[in-house]
Structures are given as C-alpha cells and as structure tokens.
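**Student:** Sequence:
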Amino acid sequence: MPRIERSSRITWEGNVARGIGTISGDTGAFDALPFSLPTRIGQAEGKTSPEELLAAAHGGCITMSLASELTQAETPPGRLDVSCTIVMDEVEGQGHQIVASHVEATVTADGVDDAGLQTLLQKADESCPFSQLLRRAGVELHVSARLA
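Heads up: the sequence shown runs through residues 24 to 171, numbered per my numbering.
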C-alpha cells in the first residue's frame, strides 16, 4: 500500500469555555463541522467533537479491514453494520484521556460461521492501523462481531 496522507483544517475563535471551532477535510468530503467545549462535554446539539471523529475513523478502519478479511476468505460481506464508541475519562495525574474504544459489528456474509467470523475479526483488528495506534497508546479496545 502506498504512503497515505490526509489533512484537515481547524479554526477556533474565542476562549475554550465559550469559543467555537470548525473542522474541515481537505478532500472536501466534510466542511466546517462545528465543535465547541460545551457540545464536546455535554449535549452535542448537532455539533461534532474530536472523539466523534476518532470513533468514525476507528470504526471505518475496522469495517474496511473486516471486509478485506471476509473477501480474502472467499466469504465477501453483503453488509457490515458497525458502531464505534470512544470513551474519554479523567485519569488521575494525566487529565482527560481516551481510555477505551468499543466496536460492534453485525455481519451479513454467506459461507461464514460464528467461529470463522471471530477469527477473521481478530485478524481485521490486528491489521487495522487505528486499532494498533490506540493499543500502543494504552487504550482499552473491545471489538465484537455477530452474524446478522
């Protein structure tokens, strides 16, 4: 696989408590997604957060990795429904830290049984760059899959 680089632009106006920012992807896939501290730690109110974007990135990476493993096993997926939840919490002496990622997949694929799915999920998790990154950072990962 070739080297991959992707970029985003962030703007922020005001102090951390009352300010507001926007996040835009350089590809144009998303533009000016609003975020702020009150919507990061409270109700989202239609705004995003760095944690939500990390959940999307980790969930998307695992999904593609699992699709690849299923395809290589000659049981390509018909559909993958995946959710990812990132947990940030206060860690004594370290402030707020990403402490966990929970990924749950529901898989529709012909020719794979539950045992095979679990083996392929483990391989997908091991080959997902975001899972590797989070594990190296000491984040607790919970990755599960079930057949639809």
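Worth flagging that the hints you see were computed from the coordinates, not collected in a lab.
You may find that some hints are simply not true.
Simulated restraints on C-beta separations [to be verified]: (1) Leu156 to His119: 14 to 22 Å; (2) Gly139 to Ser30: 34 to 42 Å; (3) Arg41 to Gly118: 17 to 25 Å; (4) Ala160 to Ser106: 18 to 26 Å; (5) Arg169 to Glu149: 16 to 24 Å; (6) Glu97 to Gln117: 27 to 35 Å; (7) Arg41 to Glu113: 15 to 23 Å.
All C-beta atoms in this analysis are idealised placements derived from N, C-alpha and C, irrespective of residue type, glycine included.
**Student:** Now look at each hint and say whether the structure bears it out.
**Tutor:** Tested hints:
Evaluation of the 14 to 22 Å hint for Leu156 and His119 yields a pass: the beta carbon distance comes to about 18 Å. Restraint check, Gly139 to Ser30: a C-beta distance of roughly 38 Å satisfies the suggested window 34 to 42 Å. Checked against the given bound of 17 to 25 Å, the beta carbons of Arg41 and Gly118, roughly 21 Å apart, stay inside it. Checking the proposed 18 to 26 Å range against Ala160 and Ser106 shows it holds: the Cβ atoms sit about 21 Å from each other.
Taking 16 to 24 Å as the suggested C-beta distance range, the pair Arg169 and Glu149 conforms, at roughly 19 Å. Checked against the hint of 27 to 35 Å, the pair Glu97 and Gln117 fails, with Cβ atoms roughly 45 Å apart. About 22 Å separates the C-beta atoms of Arg41 and Glu113, a value consistent with the hinted range of 15 to 23 Å.
Hint compliance for this structure: hint 6 is the single one not met.
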